[in-house]
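Heads up: the sequence lines are chains A and B, in that order. Residues in the first sequence are numbered consecutively from 1, following the numbering used here. Residues in the second sequence are numbered consecutively from 1, following the numbering used here.
Treat the hints as calculated values from the structure; they're not laboratory data. Glycine included, every Cβ here is placed at the ideal spot set by N, Cα and C. Just to be clear, a hint being listed does not mean it is correct.
Taking CB as the label site, the calculated pair distances span [said to hold, decoys possible]:
| # | chain 1 | residue 1 | chain 2 | residue 2 | range |
| --- | --- | --- | --- | --- | --- |
| 1 | B | 95 | A | 183 | 45 to 53 Å |
| 2 | A | 73 | B | 168 | 31 to 39 Å |
| 3 | B | 176 | A | 164 | 38 to 46 Å |
List of simulated lysine to aspartate or glutamate pairs, EDC-like, C-alpha gap at most 16 Å [what the hints assert, rightly or not]:
| # | chain 1 | residue 1 | chain 2 | residue 2 |
| --- | --- | --- | --- | --- |
| 4 | A | 207 | B | 9 |
| 5 | A | 196 | B | 8 |
| 6 | A | 207 | B | 162 |
| 7 | A | 69 | B | 58 |
| 8 | A | 205 | B | 59 |
| 9 | A | 119 | A | 78 |
| 10 | A | 196 | B | 58 |
| 11 | A | 69 | B | 59 |
| 12 | B | 120 | A | 126 |
Not close to chain A: a few residues of chain B, all C-beta gaps over 10 Å, as computed [to be verified]:
| # | residue |
| --- | --- |
| 13 | 17 |
| 14 | 49 |
| 15 | 78 |
| 16 | 98 |
| 17 | 99 |
| 18 | 110 |
| 19 | 126 |
| 20 | 133 |
| 21 | 135 |
| 22 | 138 |
| 23 | 142 |
| 24 | 152 |
| 25 | 171 |
| 26 | 175 |
| 27 | 183 |
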Amino acid sequence: MQVSNNVIVLPINRKMDPNQQDPDAGEDSASSRDVLAPLIEAVAAQRDRDAFRQLFQAFAPKVKAYAIKQGMLEHAEELVQEVMVNVWRRAAQFDREKAAASTWLFAIARNARIDLLRKLGRSSQETQVETDYLWSLPGSDEPTGAFQQAVIVRNIRQSLGDLPQEQRDVIAKVYLEDKSHQRVAEELSLPLGTVKSRVRLALQKLKVILQEREKAV
Amino acid sequence: MSQHHPSDDIMMEYAAGCASTHLALCVAVHLQYCPRCRANIQRLSALGGEMLQQLPQEDLSEALFERIMLRIDLEESAPAAPQKPVEDLLQRWLPDGLNAVSWRKQWFKVYEYVLEVSRKGRQRLSLQKISAGGRAPLHAHYGQEVTVVLQGGFSDELGVYEEGDFVIRSGDQRHRPRALENEDCICLAYLDAPVCLAGPIGRWIERFRRLFMPDLNAPAS
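Work out the full structure: start from the sequences and follow the hints.
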């Protein structure tokens, strides 16, 4: 009984644990990323301040870089503060079965950035609806499993390195510099259609957009 | 499941957080109806996560962590009421649901309920209703019109749209939406510039409007 139990349980356990699945764990940034999920979980479960400090050391320097890229130099550490306080507050909502830690942390940083810009009165169009309602954190759907989440992230990580620079640049401007495709086109003096097709090609390579489109018959 | 979805570039701008708040609201309402787009947003967010992780590390000030812990300690000593989850993004305006809206008549069988208007009246977030079988007047737009079908359905020259569908019409596309025969059609609509009536009567109305409201005619900035 015990033996057969072990035989069945072990591979499933390993499958569910993204830490042991990562083939490129040798890459330094990748391995540091894999500790993020247990750290968030420790903050959620025990309000673990040591884990929170480690999370801060791994993530906060990148949030500051994000703020600077976004053109928020003078508010960069204010954003770091908002992001980390939100990580503490909302750690219990994190579920590695529903989203990778890096995905969840990105959503927290994105929402905190939007909120801070709204607070500073820099948003062009305002609405009464709160940021967290407009951009909900990932994971409202059925859990897909930590393994699948890890696979999605790993595929993206691996194919990002293979993207032509021009496609990568456009994605970076949209995600990291808060620029719409229209603004990217203006900045690079390219037709909007060219920018959009670069993005489309990149998304296909990254397998980010699910291809099956249900068409009306 | 809905059949008309936001384009890939809108989806990406939404996931990246660089869509305007009103466009984001329209996408978020569509997401409530569409599991496929929810899965895509999740992947697009994973891409954002990866872009963020690949950024270099910036040095932080010495005391930043202590400042953060101080704030957290302060909050823990006076815990705020837990945020309640939203069932419906439009709840704020429609506490009693779509049936309790006090509609304002715009045209035969066409009604509007304004949710938000920008200061200059240029951008407008509203609910629009066409009674079953009714038709809106032929019109184009000075800017872009984003529509998400909340109830019923409508058709125009370019397609048939049902609950949850996300539709964008740009300025040069003239259309005449018509509600399906059996049910009132209610949509969330976001206009980034006013509509422009077309057709013989519409052109006369437009001529008067240009005289009295010249501000509305300049192209959207």
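The hints, checked one at a time:
Taking 45 to 53 Å as the suggested C-beta distance range, the pair residue 95/B and residue 183/A does not conform, at roughly 37 Å. A C-beta distance of roughly 35 Å is found between residue 73/A and residue 168/B, which places it inside the suggested range of 31 to 39 Å. A beta carbon spacing of about 44 Å between residue 176/B and residue 164/A agrees with the range 38 to 46 Å that was offered as a hint. Restraint check for residue 207/A and residue 9/B: the C-alpha separation of about 15 Å stays at or below 16 Å, so the hint holds.
About 9 Å separates the Cα atoms of residue 196/A and residue 8/B, which keeps this hinted pair within 16 Å; it holds. The straight-line distance between the Cα atoms of residue 207/A and residue 162/B is roughly 28 Å, outside the 16 Å bound, and the hint therefore fails. Between residue 69/A and residue 58/B the CA atoms are separated by roughly 11 Å; this keeps the pair inside 16 Å, and the hint holds. Distance check on the hinted pair: residue 205/A and residue 59/B sit about 34 Å apart at the alpha-carbon level, beyond 16 Å; violated.
Taken as a hint, the residue 119/A and residue 78/A pair is honoured in the structure, with Cα atoms around 12 Å apart against an allowance of 16 Å. A hinted pair counts as satisfied when its Cα atoms are at most 16 Å apart, and residue 196/A with residue 58/B does not qualify at roughly 31 Å. Straight-line distance between C-alpha atoms of residue 69/A and residue 59/B comes to about 14 Å, which keeps the hinted pair within the 16 Å bound. This hinted pair checks out: residue 120/B and residue 126/A have alpha carbons roughly 13 Å apart, not beyond 16 Å.
Against chain A, the non-interface label of residue 17/B is violated: not every CB pair exceeds 10 Å, the least being about 4 Å. Here residue 49/B does not stay apart from chain A, with its beta-carbon only about 4 Å from theirs, under the 10 Å limit. Every beta carbon of chain A lies more than 10 Å from that of residue 78/B, the smallest distance being close to 13 Å; the non-interface claim holds. With a closest Cβ-Cβ approach of about 17 Å to chain A, residue 98/B is found to remain outside the 10 Å limit, as its non-interface label requires.
Here residue 99/B stays apart from chain A, with its beta-carbon at least about 21 Å from theirs, past the 10 Å limit. With 10 Å as the threshold on Cβ separation, the claim that residue 110/B sits away from chain A holds: the shortest Cβ distance comes to roughly 24 Å. No Cβ of chain A approaches the Cβ of residue 126/B within 10 Å, the least distance being about 12 Å, so the stated non-interface status holds. Here residue 133/B stays apart from chain A, with its beta-carbon at least about 21 Å from theirs, past the 10 Å limit.
With a minimum CB-CB distance of about 21 Å to chain A, residue 135/B clears the 10 Å threshold, and the non-interface call stands. Under the 10 Å C-beta cut-off, the non-interface status given to residue 138/B relative to chain A holds; the minimum distance is some 24 Å. The claim that residue 142/B is not at the interface with chain A holds, since no C-beta of that chain comes within 10 Å of its own (minimum 16 Å). Listed as a non-interface residue, residue 152/B keeps its Cβ farther than 10 Å from every Cβ of chain A; the least gap is roughly 16 Å.
Every C-beta of chain A lies more than 10 Å from that of residue 171/B, the closest at about 14 Å, which supports listing it as non-interface. At roughly 18 Å, the least C-beta separation between residue 175/B and chain A is larger than 10 Å, which holds for a residue marked as non-interface. Under the 10 Å C-beta cut-off, the non-interface status given to residue 183/B relative to chain A holds; the minimum distance is some 18 Å.
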